[in-house]
Structure formats: structure tokens, C-alpha cells
Amino acid sequence: MDQLIYAIEVVLNGLMTGVMYALVALGFVLIFKASGVFNYAQGVLALFAAMTLVGIQQGQVPFAHMINATFGTHLETFGWSVPSFLAILLTAVVMVLLAFLIEKLVLQHLVGQEPIILFMATIGLAYFLEGLGDVMWGADIKRLDVGLPQGISDSIEIATDKWFGYGFFIDRLDIWATAIAALLVAALVAFAQYTKQGRAMRAVADDHQAALSVGISLRFIWVMVWSIAGFVALVAGIMWGTKSGVQFSLSLIALKALPVLMLGGFTSIPGAIVGGLIIGVGEKLFEFLIGPMIGGATENWFAYVLALIFLVFRPQGLFGERIIERV
Amino acid sequence: MFYREAGDFKTSYRSDGQTFPIKLDRWGYYAVLVVAFGIIPFIINDYWASAVLVPFLIYAIAALGLNILTGYAGQVSLGTGGFMAVGAYAVYKLMTAFPDVSIVIHIVLAGGVTAIVGMLFGLPSLRIKGFYLAVATLAAQFFLVWLFNKVPWFYNYSASGQINSPERTVLGWAVTGPATSAPAKYLICLCFAFVLAWVARNLTRGMLGRKWMAIRDMDIAAEIIGVNPLTAKLSAFAISSFFIGIAGALLFSVYLGAAEVGEAFGINKSFLVLFMIIIGGLGSIFGSFAGAAFMVLLPVMLKNLLVGSLGWPTDLSAHFELMIVGALIVFFLIVEPHGLARLWALTKEKLRLWPFPH
Amino acid sequence: MLDSPDQENLLEVNNIEVIYNHVILVLKGVSLSVPKGGITALLGGNGAGKTTTLKAISNLLASERGEVTKGSILYHGKPISDANPAALVKTGVIQVMEGRHCFEHLTVEENLLTGAYTRSDGSAAIKRDLEMVYDYFPRLRERRKSQAGYTSGGEQQMVAMGRALMSRPETILLDEPSMGLAPQLVEQIFEIVKAVNEGEGVTFLLAEQNTNVALRYAHYGYILENGRVVMDGPAASLRENPDVKEFYLGMSDEGRKSFRDVRSYRRRKRWLA
Amino acid sequence: DLVVPNLSYRTGAYGANGTQYADGFNDYFALLNERDGGIGGEIIQVPECETAYNTEKGIECYEETKDTGALVYNPLSTGITYQLIPKVSVDKKVLYTPGYGRTSAKNGKVFEWVFNAPANYWDGASVAIKYLLDENGGDLSGKKIALVYHNSAYGKEPIRTLEGLAEKHGYELSLVPVDAPGQEQKSQWLQIRRDKPDYVIMYGWGVMNQAAIQEASNIRFPMENFIGIWWSGSEVDVLPVGDKANGYKALTFNGVGMDYPIYDDIKTYLLDADKASQGGEHVGSALYSRGMYAAVVISEAIRTAQELSGVSAITAEQLRDGFENLEITPERLSEIGLPDFGPEIKMSCDNHGGSGMARLQQWDATAKQWNLITEFTEPDQDILAPLVEEDSAAYAKESGITPRDC
Amino acid sequence: MTQEQAQEGFTTADGRKIGGVLMDMRDITLRFGGVEAIKKISFDIRQGEIRAIIGPNGAGKSSMLNVISGFYNPQEGEVWFKGYRRGPMKPYEVARLGIARTFQNIALFDGMTVLDNIMTGRLNKMSSGIVKQAIWWGAAEREENENREQVEKIIDFLEIQNIRKTPVGRLPYGLKKRVELARALAAEPQLLLLDEPMAGMNVEEKEDMSRFILDVNDEFGTTIALIEHDMGVVMDISDRVVVMDYGRKIGDGTPHEVRNNKEVIDAYLGVAHD
Ligand SMILES: Nc1ncnc2c1ncn2[C@@H]1O[C@H](COP(=O)(O)OP(=O)(O)OP(=O)(O)O)[C@@H](O)[C@H]1O
Ligand SMILES: Nc1ncnc2c1ncn2[C@@H]1O[C@H](COP(=O)(O)OP(=O)(O)OP(=O)(O)O)[C@@H](O)[C@H]1O
Ligand SMILES: [Mg+2]
Ligand SMILES: [Mg+2]
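Protein chains in written order, with my numbering: chain A, 12 to 338; chain B, 2 to 359; chain C, 8 to 280; chain D, 4 to 409; chain E, 67 to 340.
FYI, nobody ran anything at the bench for these hints, they're computed from the structure.
Fair warning: there could be bad hints in the mix.
Mimicking BS3-like on lysine-lysine, the simulated pairs with C-alpha atoms at most 25 Å apart in a straight line are [unchecked claim]:
id	chain 1	residue 1	chain 2	residue 2
1	E	105	B	351
2	D	400	B	94
3	B	351	C	134
4	D	199	A	173
5	E	156	B	130
6	C	152	E	105
7	A	207	C	85
8	C	35	B	349
9	C	77	B	351
10	D	400	B	151
11	B	349	E	231
12	B	151	D	147
13	E	105	B	24
14	A	207	C	77
15	C	97	A	207
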């Protein structure tokens, strides 16, 4: 009986963790949908966004370390601190700028290349941004606080204690993440499906040349999509940064988003959420039920294996577009 | 004008099928072999062996392997690190279980073991394609690393889970273990790289290679003209893994000497080797070597430049190194998406026309 | 059939050279002028460079690693080689690409709507044009909700044409509109071209292999071989030219040759350019 | 000149930790050079080489520096250490791995060139249990202790020790592995919440530390009952968690804070003269102090070697003798300007690991500083000594080494 | 149909001998989800003939070819080949039976040279194992060269010697079609399926292509089924024609019969062609 109640708690937490993964996966989906680019840099984008946010919030001097090393100065901060809301806004602007630069310097020159080449380019981009983030804001671990609540939710604990005789642990941050993710997904789905730009975005994903030929500006679409993806990365960065600090490993959550992506389908926005939920529950439940028998720490690979099993039955993921096979 | 094929007539299909049909290329190739086997072993020192040449050769083997799978057969894999780990752990178990058998045999067997594992993880490729498959191969990566970390049998129950390669000799020369000299390390890797490159070349120029390329270019059409996708894909996985397994075995036994799976064979390895083949050129033997050379040399050179010559603090230069490597990768892809090999071929094509274009 | 109604040259291509991949020289000095409101045909064998010419005009070469290395392209007297393809569509030049290039995952209707991407004259007008396209191609109306990737070759060709019409262009560059279409439909497509040309004053530059039909509908024709223009003239006069008759229309002096009979004798006479 | 390369890492997943340690290491030698003109008249050169915590880069750095007259290596990475152990025995270089690396290297009979004083992973585990024994009046029977560990060679080290001690003291041990990098630990902490262990011991590194402390605070696990190994006890681990990290404890084998006379010199000679590594950003932090401590031990060994051999420009072999005869008394530490900064060290030919003493520190979130809360405590050598003996014998057998007579 | 019936044949107008039934499609129905692409169609292909399939766009012609080459499995109906009923088969198994084809949207292997593309046609004629190929010298090389000789014959036949070493991606459309034909021929098929082999060609090139098709039929005795929209070509070179319209068969017979079929004219030709 206890086991069952525990399992329920594990499932609930799995769902919420899944939402956190989905936040990262969403960025991947957007870019893939719009350009057929598998953007490996999405994780680093989240890290970069979070670093920038903290940097702006705390009034850090960008490139301080480099300037100090070259000129022997002692710059560190401007000595002011920016309110969270404004800082988020400014960071969003930086992300748009970044999207613009990425299009200008990278994507534009790779129109029409094979997907794997574009994928590689985004890995190059990931390296670059990782280095740039460190040079700009320093490699130390930063604390991110934009006022999101964190820690166990008392009301749920008390309520469940009353019902089950065991108080469930639900993190308040996760509840927030769920709400925000739901909002994001709804907005993005509406955008992709029902607007002209959304349709253009899907057209670009199918055939760059044809899109060009009907007058869709790849440049505009890409800047737009990368900006949105940058914003999604910022949201993911805020959530994960609040959870475990802003530092290099933040970029590695991309690896947790990949199975989500695979399971949900690379091109489906709702897929990212459903995939996230399945992966979250799956890995947590497996760790809870089977983990103890085989030594634990199974989550990293189990997520992938779970996604793999789904794929064998649906090679395009649960909600991915059917892979068109014709001759 | 200096580089031309005119006057190089072929009188048989056999001579038309040779690896370097142009005379100048052939001489260049012989020259490289002479330098590699005849000169470098006498002048190599520990630094060059450990920092540059040995990793270059080992990664070249891994890149050849991945290139067979990704470049020739079109199946993108991110499981390279995991498969290298299989090679490493296989050779470790073999070395410690049968100390009297030659290490060369162990390394080849380790490749064989990896081939079997590779085939197993290649099975989903029959259904799953493209990036879905690439991500799916990460399952192999993570699972294998977890397995080697978790099951003490693989690391002979050592307290920390590290594996150490004991000393083994070939023809009386130590090739593994601390006492190995730089030339010995270099030569054993060179021999493996040479033979494997030759095997790769043979496999890719014949029927098997064509089957792979057909699957890569258009799998449905390939199936309709008579390629059995099952055997084509699985053979690509097997042979690719064989190469990668050998690279993993060499990496552990000859180069590192000790390894911990998550650290030495993590996902970064998978990406590194993928980089090599893309920068070098997908579907090109030469490209595998060029890419490996590029990715091994670049950081060393950058480091020497930034820290050694410019005297920057190491952290700044490490960050800049990341930025430069990233930027260079993007730059190369923009200049020539088909890699160094294609760049080289284009240069030759231009040279042929030079100095009279068109 | 018709003389070009109006002599103002809308589009002028002056002596352009195109190189692919920095090494493959494909166009070796092509010059064309396309009169406003006319239908101009670009004829020539495989690999003659028709597609390349059209892509050079619509600036789509960059994504295939090709570039125009010499010469100039003027539209309304202004050079357009630097405009990006999207801007070009806004100025009124749209290309229907060879090999259809539909957006596979979009439905037929969504494909058509992307054609209207650059328009800003409101959804009512777009809706009207959508109906117009459906009237031209009733088959598309039936399949409006199917994914374009699963429609047949001919249906895809109709989608591509319809999509171009949706942008309300001034000039359409048509690359092999008849390829893979049933004979009835070929006629139909050219009838539509004619109707659009006459009714809406749209200028056409079309590359065609089907010389027979093309010369029946076009006002003026250029024949391209091996990257050079080897002959040009009003369509009517081209149709009477004996070389054109033999090589492009498949007629010998005695009338149409049977495909069964040409088999045994080798004939190949090339214009020496 | 004497060359002591600093194989550091300032980028990558562990860069934030590596930076501080490397600064401390650099600064102490810089101080000796500036203030005393080096050691025994020899300037100490500390060429830095970035390893990014990557074993291959570690080898590259080693090979790059080894022919420049390098005496001793301190790579701050267990992986690189394992790689270097066989190499240093051939190249005859000293490998000094305080508080990390291969535990059984304590046995100088087998590991002639490796030193890991003052304490190793097993010592740490034992000292933690000792502390818990003291807290519980010497009796841990029936208590539940969970080990949250980095699922790698490093994290697995203490398992055997804790199991041995569990038998002896009757507590119940549960193992909770966390895969690298470890920023997602929900499963682990839900399990801990369900199992309600009395104490949690953590062997973590990098982001895993903060994530664990954060999750612990989320489930309201009492911080006082949460003890990290010394690699889980730096400012970067607790600062991101904020106030809720208050009371968290960690082991350490070096002093913390800036209340030592040496900092006056560091200020005069380095900070004011703008010679501090990285501009002195991290002076006084826990990892900085540990890096500095490693430099102290190395410089003392150099001094000893100079005395023994009578030459100032010592070789690596002489430095090894210096290490084997090294004695750092409390008096000596005070002389250096670091009173009570580390345990007493006395090494010998067969003991390369010192006494294994360590102490506990506790985080004060309001003051944002660590406070020492115990004296140096000795580990339970009854349990540890046989383990060291066993493990080093296995290594000797595997590598064909005949242990030296000492 | 019995074995004997399958052996019967007839003689065409220009005196060529057409053999018994080689391929027999019986009541084939093919559905994609709700779309019925082929509705209960039956027809046969006889040994040595050139059989044309025509019909408006979307009629299901390509789908029919896909059924024959095993890429689609029909929901209903039977496929008989050489007097045996063929169960559901993988495409590569069908290829081994001696059926080769070309594709409507060219399906060449873009990354390979013309020569390599054509060599893939001989896949099923080559058998040396992995080890032999890895060593190359000896068996594998010999086999390669033998097959190369056969391929060179086809290259000569189709007059594409000068582009042997060119990557196919760079070729113009018409040549690609020719290379595709070469690849199909390299397999030495009994039945050759051509899906719009002359689309996108001008008259001159169509003449060339027609000549190749007729020569193949003549010299190798290969049975050919082809889809084509150019009625001139169809009328001139085919022996019998099947007409499809939205999945149904609306006509079957000699070119002459078909051309004068009212239904065919309405559905497909528009005006009667001369
Ligand atoms: N991307 C490319 N890279 C290299 N060469 C190319 C490329 N595209 C076309 N070519 C070459 O340019 C020449 C002209 O090709 P183009 O496609 O313009 O001919 P076309 O007249 O349209 O022929 P078709 O009627 O077959 O479509 C051909 O020889 C072709 O091989
Ligand atoms: N894989 C598929 N999934 C769904 N529908 C399909 C598929 N393949 C073909 N169809 C549909 O079946 C019908 C017949 O298609 P098919 O390609 O056979 O036509 P076709 O006769 O070859 O036409 P065309 O002359 O235009 O090539 C079309 O309406 C097409 O949309
Ligand atoms: Mg064309
Ligand atoms: Mg068709």
C-alpha cells in the first residue's frame, strides 16, 4: 500500500520533471519545425540566456575578466542591480539580437545544405556561445533569483497527508513551471497552426528553395524563430537556473531534452509536452521500481531507451509528421 | 598545369579502379608512407607521440569507422563513445584474462566484440531514420557507459572502477604500460591505422560500399533495386563498430593506460568523432584522416598560440579556444560543407585548369 | 500565334555567365529580353541551361552554390542581381520551380496560401484568388486537405502553378510546366497561361521541353544550347524554321516521324555556336 | 629555478571549482617568490596548463611540461591521477594528490612516487562517521545513513569504508548514486524523503553539490545532518542555494576564512602589487585555501629536500625524498603564517598519506562563510589500513610491481 | 490461368513474336487510408512485349508500378509472375526475381558517380563476402572487373561513356534518366518497368530514348512496361496499352484500339490525336 502511494508521488513528480524537460525540448522543436535544423545549441542558448539575465540583474560588467587581464583594470560590476522584470526584458532583447547575428553569420550561408551539416554548424555555435558566455560573464557559479518560489508546497503536503496519510512532495517551482509551459505551448501551437508566419515557418522547414521562390524571406523567418527559441531558452534557463544555479552544466539539460523530443516528434509542439510527461514519469517510475534492483542511476539511459521503444513503433515519434516515403 | 591527368592512360579496368589513378597522387601517397614508417619513428618524442600523433592515429581509426556508418551508409550515430568503451573494456578483459596471448590479437578481438554490440544497437535503424536514429544511438551511449560503470565484472572488481592497462609487448617491445617508448606507441597505432584504412578503402570501393551508399542516398530506391536494407545497414554497423572498437581498445591500452568509462568514453567522444568526419568530409577515407588531424591539432595549436606565445591567462585562452574552435567549425562548413576532402579535391580540380580557367 | 502586344522590355538579361561550385561554367553569355505582357519561351535540350537561366533571374542560385559571374539582369531597367529572392517576389517576379517543389507536409490548400505570403491586400482578396485557382484546377479542390507530399506528380505540378498565381505576380518564370502532365492537362495548363496572360496581363518566361506546345502559345522564343543562345525569333517564324522542325518538333519533310522509325539512323546536327 | 606545473581547469563542467583551487595554488608560490625570493633562493615557476578536467588534455599537459624540469604534479582530478600514476613511476616525477586520487597510494611501498597526505577519501568517510559517533554519544546502532554519491570512480570510493564501518558500528547504510552532471536529482531525494535517513553523507563535485543541497532544502532535510566530503564543501556549492543552505556541514583538511597572518602578506605582496592570480577574486574561499594548502605542502617538501640533499636546485627524485621525510608540525604552520591551518603531517617511506586527519566546517548563510566546528580528528585506521593494504597489493600484482622494503 | 495458357503468344503487326503471359495482375485493389488509388484492376504483361500504361494524373499508374515492384502491397488481388502466384514480398526480393525499374522522380544515388550508380544495378550478380572484399586482391577484384565489363557494355549501348566518372548530382535531367535506365538494365531484368522515362525531354531526346527502349526490347528480349504521357511515343512504340482513370481500368488493347476508345478520349486525350 505504501508502495502504491509512493508510486503516485513519484508519478506526480515525474510529470513535473517532464514539464521541465519539455521546456527545453520546445526550443528544439521550434527551430526544427522552421528550418529543419536540429539545433544542438539549444542547451547552451538556455545557459547563455540565464547567464545574461544574472549578469544584467547584478549589473556585471560584460567581458570584465578579459578587460582586466588585458588592461590591468579591476572592473567587476557597475554597482547597480536591475529589477527582475526589466532584466528579463533586456535579456529577451539580447536573445533577439543573438538570433539576428546567428542568421547573419551562420544560417544565411548554409541555406539548402543537408541537415547534418546544419546540425554540425549548431554544434560549432554551441561551442562558440559557451566560450562567449564564459568570457562575457565569467565561469563561476551564479545564483539566479527572479522571485519564483521554491521548495515543498505545504498545502499539498498537508492535503495529501490528510487523504493518504503521507504528505506528498511537490515543488512549488515545478508547479510554476507547469503553468508557464502550458501557456507557452498553447501560444506556440496557435502561432504555428493558424498564422501566416506560422505557415511560412512550416513551409521553410519543408523546402528552403521553394520557400524562397514564393517570396518567403528565410532571413526573416529564421530570425523570428530563433528569437522565439531564444525566448523559450530564456524561460528554460530561468527555471533550471533557479533550480540548480547558473553554471556550465545547465547546458547539459539539452541531453535530457533529446529523448523527449524524439518521443514527441521533432516537429510537434504538443509532442514536446506529452513526450516530456511520458519521459518524466517513465524514468522516475523505472528508477523507483527497477532502479534499486540494478544499482540505480538509471535515468540517463532509461529515458533514451524508453523513447527508442516508442520509436520502433512510431518512427516519427508520437506526434511527429509522417515521414513521407514515396518513389 | 603542374597537376594533371592527361597522359595517364588506363588500359584495363583494373588500373582504372586503383586507389590513386593519377600519378602525382600516387607518388605523394608513397612519400607519406615513407615518412610515416621510415622517418617519424626515429625522431618522435613523448610529447609529439602523446599530444599529437598517437591520438591522431587512434581518432583517425574511429573516424574511419564512423565515416563508414555515417558517411557511406548514411546512418548518423552518436554512440561512438559507447562503442569505444566496448572496445576498451573488451581488450581490458582479454588482456587480464589471457595475459599470454598477443595484444594484437586482443585488440582485433575487441573490435569483433564491438562489432557484435554495434549490430545489436544497429537493429533499430531498420525502422528509425535520420535524426531520430542519431538520438536513438545515444541510448547505446548512455546505456553502455552505465553498464560498464555499474557491473564490477567489467573492471575486475577494482575499488574505484578504473581500469589499468598492464604491460604487454609486441616482438619484445612494450606497447602498453608505463614503460612504452614513444616510437612503439606510435608504430603500433600506425600499423593499425594503415591496415584499417586499406580495409576501409577496399570495402567502400566494392559492392558492399555501393550498397551502403545506395542506402544513404535513397533508401527506398535502393531497396527496390535489390539492396536488402537489413544486411546493408547491419553490416555497416558491424564494420563501423569493429573500427571504433579497435580505436577504443588502442585509446585505452596504448594511449591512456587507464580509464574510467564516464570520463574517457562520454558523449563528448561521440561528438568529437562526428566532428572529425564532417570537417574532414563525409564518405571519404582521406577526410577521416584530415578531420582527425584537424580536431587533434587545432586545440593544441591554439593553446600553444594563446598561452605560449601571447601569454594569456589559461582560463581566458581556454574560453577563447572554445570560441575559436566553434567559429572555425562554422566557418569551414560555410566554406565547404563537404569537408576538407572536398576542399582538397576542388583545389586539385582548379590546379588542373590553372592557369587557364575554362 | 500572336505578336507580342507591346514592345517595352520588362526583363533584360545581358550576357550572363554562371558558374557552379566555382568550377563548372554553365552559362556562357546568355542574353534575353522579355517584353511586358508577352509569353516568351526558352527552349533547348537537356542541360542547355534553361533552369540555370531562370534561377539566375530569380536569384535562387546562391543556395545551389552557383553564382552569376558576368553580365547583368535588369527588371524595369533596374539591376536585380542583388535583390534577395523574397524582395524579388514582392516586386512581382515569381518562379515556379522545376520538379514541383511543393511543401510536402503542408496541405494542398496551405501550399496555395503560402503563395500569398507577400501579399498585403487582405484575406478577402486572397480567398477570392484561392477560389480562382480552384476553378482553374478543380482536381485541387478535391484534394485541398491532403498533404501535398502524397499527391500525384501531376497534382503537385498544379499546386506549384496555383501557388505562383496566388502571389498575383507581374511576371511568372515557369520552369517546365508540362513535365509529367497528361496531354489534356498540358493543353489546359497552357490555356491557363494564356488566359492569365491575356486576362491579367501577366508576363511569362517559360522554359519548356515540349517545344510543340510552347511555340504554339508563346510570342517569342529563344533556343538555348550548351549555355548559349543559338537562335531566337518570333514563335511563328521559329516554328517554320527547318532545323527547329527537325530537332525540336520531330517533323521531317514528310510530316511527323514515327518514334519507331528513327531508331536505326543516327542524326545529330548541332548549330555551331 | 624549480618548476611546479599547475594542471588546472577553469572551463567546462567543473571549471568554477577548478579556478579557485588553481588560484590558491598559484598565489602561494607567487608569494614565496615575491616575498622570499623563492625557496632556498630558487624561484618557483608555476606554468599553468588547462586540462578542462579531461584526461586526454591532462596527459597532453603532462607530456608538455615534463621535460621542462617539472618536479611535481597536482592535477586535481582523480581520472588524470589514475592516468599519471604509471607514467610518473617511469618518468620519475612526484605526484601529489591531497584529498583525492587513488586512496591506496598511501602505501609508499607500492606507490613510490605518489603522495596523498594529509587525508584521502576513505579517511574522509571515517572521520565523518567518527563525528556522527561523537554526536550520538558513541553509538550509531540503528541509525540510518544515506550516501549520496557522484556515480563515478571518485564517488564510489567511500562505499567499502562505510560498509566496513557499518558493520562495526551497526548503522544502516543506503546508497544513492547520482549520474553526472547531476542537476536533476528528484528521484534521489524523493527516495531520501521516503526512507528518512538520520544522516546523509555526500560525495559530489560540480553542479551535483548545489543541486543536492537545493533538493535537500526542498524536502526540508535538516542541513545539520547533511555532511559533504571536502569536495562538496565550498562556497560555490552553497551560495546558489541561498539561506536555506544554512547549517550544511562539510569535511575539510585545511583551514577556512581569512583569519590567518599569511593574508597580510598576500595583501601586501600580491593583491596590492596586482600580482594575484586572476586579480585575487577568490582569495580566502574554501577551494582557494585548499589550493594554497597543497602549495604549502609542496613547498615544505621542497625545503626538506633542499636540506637533505644540500643543493637548492633539487631534482624530482630528491623531492620524493623530501616528501618521504616531510614533517609539518603545528609550529611550522604558525611560522608560515597559517596556524592550525592543517593537520600535522609526518610522512615516511611507507606512509605517503599522513595521518588522515580532517575536521568539519559548517556553513553560515547569513555571514556567507564557513566556520570550523571540530578539531582535527583521526580516522579509524583499524578499518582503513587493511583496505589500503589489500588494494595496493592488488595494484602491485596487476602491474608487476614488487613492493619496496621500507 | 494455367501454365499452358501462359505459354501462348501472338505476333505483332511488324512481325515480332510476343510470348505467353509473364506477369498477371488480378483484381488489384490498393488503398491509402481512405483513398482508393487502384480499384480492382486486372491486366497482364506478355513475354517480350512493350506494354504501355497511360491515364490522367493521379490515376494510379505509378502506384500500379509500385505494386508490381513490391513497394506497395495491395489490399486485395493477386500478382502472378512467370506462372506462380507471388505472395507479399519485400522490394529487394522482387528485384531478385528479375524485375527492374526506373522512377518517375529520378531516384539515382546522388552522391555516387554514374559508373557506381550503374554498378549498383549488378548487386545481385555479385557475391564475394566481407572478408574477400576487405582483402580485395583476388576474388573481389576479379568479380568487380567482370561486372565492370558488363556495365561498360551498357554504357556503350546508351552512349554515356563521357560521363562515366561524373557524380550524378551534376547531370542534367535527361542524362539522369538515361543513367537510371542503364542502372535498371545492368540488372539484366526479365521485366523492365519504366515510369515516365521521357518526361522533361525534347523531341530529339525522346527519339533517342525510344530507340534505346526498342533496342533493349529487341536485343535482350526484355519485356517492358512503361508509363508515358506523350501519346506520340506511346502510339509508336508500344504493343498494347492499358488505360487507367482514377483507379479504374477504362481501356486495354492495341494503341489503335485505345486511341479510338470514346471513354479514353474523354478521360485522357481530350482531342483525338493524329
Ligand atoms: N547545382 C549544380 N551543380 C553543378 N552543375 C549544375 C548544377 N545545376 C545544374 N548544373 C549543370 O548545369 C547545366 C545546365 O543545367 P540546367 O538545369 O540549367 O539545364 P536545363 O536546360 O534546365 O535542362 P533540363 O531540361 O534537363 O532541365 C547542366 O549541364 C548541369 O549539369
Ligand atoms: N503513399 C501514398 N499515400 C497516400 N496517397 C497516395 C500514395 N501514393 C499515391 N497516392 C495517391 O494515389 C493516387 C494515385 O497516385 P499515382 O502516383 O499512382 O498517380 P499517377 O497515375 O502516377 O499520376 P501521375 O501521372 O501524375 O504521376 C494519387 O491521388 C495519390 O495522391
Ligand atoms: Mg531544367
Ligand atoms: Mg506517376
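Going through the hints against the structure:
1. 105(E) x 351(B): With a Cα-Cα distance of about 57 Å, the restraint between residue 105(E) and residue 351(B) is violated, given a limit of 25 Å.
2. 400(D) x 94(B): holds, 16 Å
3. 351(B) x 134(C): violated, 53 Å
4. 199(D) x 173(A): The given pair, whose Cα atoms are some 20 Å apart, holds under the 25 Å limit.
5. 156(E) x 130(B): This hinted pair holds, its Cα atoms lying about 19 Å apart.
6. 152(C) x 105(E): Within the cut-off at roughly 22 Å; holds.
7. 207(A) x 85(C): violated, 30 Å
8. 35(C) x 349(B): holds, 23 Å
9. 77(C) x 351(B): holds, 19 Å
10. 400(D) x 151(B): Satisfied, since the Cα-Cα distance of roughly 24 Å is no more than 25 Å.
11. 349(B) x 231(E): Between residue 349(B) and residue 231(E) the Cα gap is close to 16 Å, so the pair holds against 25 Å.
12. 151(B) x 147(D): Between residue 151(B) and residue 147(D) the Cα gap is close to 24 Å, so the pair holds against 25 Å.
13. 105(E) x 24(B): violated, 61 Å
14. 207(A) x 77(C): Distance ~38 Å between residue 207(A) and residue 77(C) Cα, so the pair is violated.
15. 97(C) x 207(A): holds, 16 Å
The structure does not agree with the numbered hints 1, 3, 7, 13, 14 stated previously, though it agrees with the rest.
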